[in-house]
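Residue numbers for the sequence shown follow the numbering used here, beginning at 12 and rising by one.
Treat each hint with caution, since some may be false.
Said to hold, decoys possible - Beta-carbon label-pair distances, calculated as ranges: (1) 159 / 80: 23 to 29 Å; (2) 248 / 213: 26 to 32 Å; (3) 252 / 55: 49 to 55 Å; (4) 80 / 252: 37 to 43 Å; (5) 276 / 17: 56 to 62 Å; (6) 24 / 274: 24 to 30 Å; (7) 227 / 190: 24 to 30 Å; (8) 190 / 274: 48 to 54 Å; (9) 61 / 276: 16 to 22 Å; (10) 118 / 72: 24 to 30 Å; (11) 69 / 124: 31 to 37 Å; (12) 24 / 233: 39 to 45 Å; (13) 107 / 67: 23 to 29 Å; (14) 124 / 17: 34 to 40 Å.
Claimed, not checked - Derived pair list, reagent style EDC-like, types lysine to aspartate or glutamate, alpha-carbon separation capped at 16 Å: (15) 284 / 252; (16) 266 / 291; (17) 266 / 219.
Simulated from the structure, these hints should not be mistaken for laboratory data. All values reported here derive from a predicted model rather than from experimental measurement. Glycine is no exception: its CB is placed at the ideal position from the N, C-alpha and C atoms.
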Amino acid sequence: MDRRAELLAAIFAEPDADAPRWVYADHLMSIGDPRGEFIALQLREVDNDRQRELLAAHWDAWSAPAGERLFFERGFCPWWGAPAAVLAERAAAVFACEPIVAIEVTREGRHASIAGLLARPELTRIRALSVGGWTLLPTDLAALAACEALAELEELNISGLGSASRAHAPYAPLLAAPTWRPRRFAARTTDASIAGSIAASPIAATLEHLDLSGTRLDNIGPLIARLARVTHLLLERCRLEVDAATALVAAPLTKLELLDVRGNRFSPDARAKLAERFGDRVLM
Numbered sequence: 012m013d014r015r016a017e018l019l020a021a022i023f024a025e026p027d028a029d030a031p032r033w034v035y036a037d038h039l040m041s042i043g044d045p046r047g048e049f050i051a052l053q054l055r056e057v058d059n060d061r062q063r064e065l066l067a068a069h070w071d072a073w074s075a076p077a078g079e080r081l082f083f084e085r086g087f088c089p090w091w092g093a094p095a096a097v098l099a100e101r102a103a104a105v106f107a108c109e110p111i112v113a114i115e116v117t118r119e120g121r122h123a124s125i126a127g128l129l130a131r132p133e134l135t136r137i138r139a140l141s142v143g144g145w146t147l148l149p150t151d152l153a154a155l156a157a158c159e160a161l162a163e164l165e166e167l168n169i170s171g172l173g174s175a176s177r178a179h180a181p182y183a184p185l186l187a188a189p190t191w192r193p194r195r196f197a198a199r200t201t202d203a204s205i206a207g208s209i210a211a212s213p214i215a216a217t218l219e220h221l222d223l224s225g226t227r228l229d230n231i232g233p234l235i236a237r238l239a240r241v242t243h244l245l246l247e248r249c250r251l252e253v254d255a256a257t258a259l260v261a262a263p264l265t266k267l268e269l270l271d272v273r274g275n276r277f278s279p280d281a282r283a284k285l286a287e288r289f290g291d292r293v294l295m
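Work out the full structure: start from the sequences and follow the hints.
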């Protein structure tokens, strides 16, 4: 392993740490590589004009492996968005030079398989995954649930998805026994029974941030009862009615910091009980 690869490996091992980035920046500057100056400027959070100059001069070279959809933070690209086929095809090249920890699978037609992407070993570094905007096939849902490379996943967003399956509760197989346990989960879907699927899933016990805004939900009582660790619960425009308000008021939710239930069909009495129970922690 050459010196550059060795220093990059140290950054990939500790993506939140600045120290390995400083060592790499010093090395690059010592050999006259302008990326070193750029990393140092971003770490210091100074001289935005010079940062823009360096980006303008070297954007093509620095962004070449990934393409257009990326941004730089602390000298590197932490997030990458592209269609699934592009992510799978370029993963080796991009992950070799950038500490990617979050990816967004962007839309590519009505049906786009993510199976090829999920087979990539580079996903072991991913903490946040966003997939949305089209219909997922049942085979993709199964592959996502079984993806062992996503064992470190902390955040999953499947907002905007439909399902190609006509079966009841099409997302139940995804959530029944996944290999991952995210702390943050978001879903905006046409699957109204997703609340029950989450309630029956082991991820319910680990969730700290749950966003189901915009999804018409069935009975949410069983789900609310399982959210022992949730701090942020976003249920805006879910067509919730009095029974949902009753479940929320009765639930322990001891760690709750924010409850967003704006745009739902609560009676004045239900609103009063929610306000009494949660005070300034609830948005209605």
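These are the hints, each one checked on the structure:
About 27 Å separates the C-beta atoms of residue 159 and residue 80, a value consistent with the hinted range of 23 to 29 Å. Judged by the Cβ atoms, the range 26 to 32 Å given for residue 248 and residue 213 holds: they are separated by roughly 28 Å. Residue 252 and residue 55 have their C-beta atoms about 53 Å apart, which keeps the hinted 49 to 55 Å range intact. At about 40 Å, the beta-carbon gap between residue 80 and residue 252 stays in the expected band of 37 to 43 Å.
Distance hint for residue 276 and residue 17: a CB-CB separation of about 59 Å, consistent with the stated range 56 to 62 Å. Judged by the Cβ atoms, the range 24 to 30 Å given for residue 24 and residue 274 is violated: they are separated by roughly 44 Å. A hinted range of 24 to 30 Å holds for the C-beta pair residue 227 and residue 190, which are about 29 Å apart. Residue 190 and residue 274 have their C-beta atoms about 34 Å apart, which leaves the hinted 48 to 54 Å range violated.
Here the CB-CB span from residue 61 to residue 276 is close to 54 Å, at odds with the stated 16 to 22 Å. At about 28 Å, the beta-carbon gap between residue 118 and residue 72 stays in the expected band of 24 to 30 Å. As the Cβ distance of residue 69 to residue 124 is approximately 35 Å, the hint placing it in 31 to 37 Å holds. Checked against the given bound of 39 to 45 Å, the beta carbons of residue 24 and residue 233, roughly 40 Å apart, stay inside it.
Between residue 107 and residue 67 the C-beta distance comes to about 24 Å, which sits within the given range of 23 to 29 Å. A hinted range of 34 to 40 Å holds for the C-beta pair residue 124 and residue 17, which are about 36 Å apart. A hinted pair counts as satisfied when its Cα atoms are at most 16 Å apart, and residue 284 with residue 252 qualifies at roughly 13 Å. This hinted pair checks out: residue 266 and residue 291 have alpha carbons roughly 14 Å apart, not beyond 16 Å.
Straight-line distance between C-alpha atoms of residue 266 and residue 219 comes to about 9 Å, which keeps the hinted pair within the 16 Å bound.
The structure fails hints 6, 8, 9 (numbered hints given earlier, in ascending order).
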